[in-house]
Amino acid sequence: MGLTIDQSEHDAKIRIAVRGEVDLYTSPDLRAVVMKAVPAAPAGVEVDLSGVDYMDSSGVATLVEGFKSARENSKTFVLVTPSPSVMKVLELARLDAVFEIDKTP
Amino acid sequence: MADDFRLEVRSDPRLLRCIRNLVRGWLEACELEREATDEMVLAIDEACSNAIRHSYGGECDRFVELTLRADHDVVEVRLCDQGEPCPPEHRVRRELQAPDPDRLKPGGLGVQLMHRAFDEVEFCPDRTMGNCVIMRRRR
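In order, the protein sequences belong to chains A and S. Just so we're aligned: 1 in numbering that gives the first Met the number 0 is position 2 of the first sequence, and the numbers increase by one with no gaps anywhere. Just so we're aligned: 30 in numbering that gives the first Met the number 0 is position 31 of the second sequence, and the numbers increase by one with no gaps anywhere.
Careful: at least some of the hints might be erroneous.
To be verified - Stretch-level coverage of chain A by chain S, calculated; a stretch enters the list once three of its residues show a Cβ under 8 Å from a Cβ in chain S:
#1 17-31
#2 58-72
#3 82-88
#4 91-102
Claimed, not checked - List of simulated lysine-lysine pairs, DSSO-like, C-alpha gap at most 30 Å:
#5 A/K12 x A/K87
#6 A/K12 x S/K104
#7 A/K87 x S/K104
Calculated from the structure, these hints are not laboratory results. From a predicted model like this one, the values you see are computed outputs, not experimental measurements. Beta carbons are placed, not taken as given, at the ideal position from N, Cα and C, and that holds for glycine.
Extracted from the complex, chain A is given alone in its bound form:
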């Protein structure tokens, strides 16, 4: 299994739940979902990363694109409960302080 992406809506937000490994092969699928969700969501987007076992820089770049698009459209863009491996790559990239991260389980 590579990557599974589920979407749901609540409180004017679109929640994207990601499971599996995000790399050069799978990140285009995530990018397509994120970049469609940001303009479509009335208030903002939440990306649930608790089930992501691995993320490379193309996955990080996808999150950066979503974050930038949300800022430009005055929407929120929140990373929800990133897994330890996602937190690690965000820290290595010095982006852990840039994203809004909700660590509440």
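Got chain A sorted already, so can you dock chain S onto it with the hints?
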């Protein structure tokens, strides 16, 4: 120091996961710590992704050659391709700092993650074609 693996892998992003699994297995057999293993798996994945994306421009029918070796003092990884030489500015190590959200750029992270995981990242400059990067981490 003898090579443990010399692998030729087709430049298909679908195969990156297999490369990661193999590299992880090898690093675990070398009895490296989990955190060091995770960082090096990521860095090697980034090097392979760069070869596929930039050297081969996304062509999936070329090959990258990965060589893995280790002794008591150092882990050494070599990755070679036969594609377009990467521009010098793509090789430069930048000191990563928390960026200004307004100036955030999505790309250019891969090489920085390679530098974070390895003590030395050496791009061999004297090749007539292709690229070769050697990464070393002291144990």
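Taking the hints in turn, this is what the structure says about them:
With 4 residues bearing a CB less than 8 Å from a CB of chain S, the segment 17-31 of chain A meets the requirement of three and the coverage assertion stands. Beta-carbon proximity to chain S at under 8 Å applies to 8 residues in the segment 58-72 of chain A; the threshold of 3 is reached and the given coverage holds. Requiring three or more residues with a Cβ within less than 8 Å of a Cβ of chain S, the coverage given for the segment 82-88 of chain A holds, as 3 such residues are present. Note: the segment 91-102 of chain A has 6 residues with beta-carbon separation from chain S under 8 Å; the three-residue rule is met and the coverage holds.
Between the alpha carbons of A/K12 and A/K87 the distance comes to roughly 27 Å, so the proposed pair stays at or under 30 Å and holds. Of the supplied pair hints, the one linking A/K12 and S/K104 holds, its CA atoms being roughly 25 Å apart against a limit of 30 Å. At roughly 19 Å between alpha-carbon atoms, A/K87 and S/K104 fall within 30 Å of each other, so this suggested pair holds.
Hint compliance for this structure: no hint is broken.
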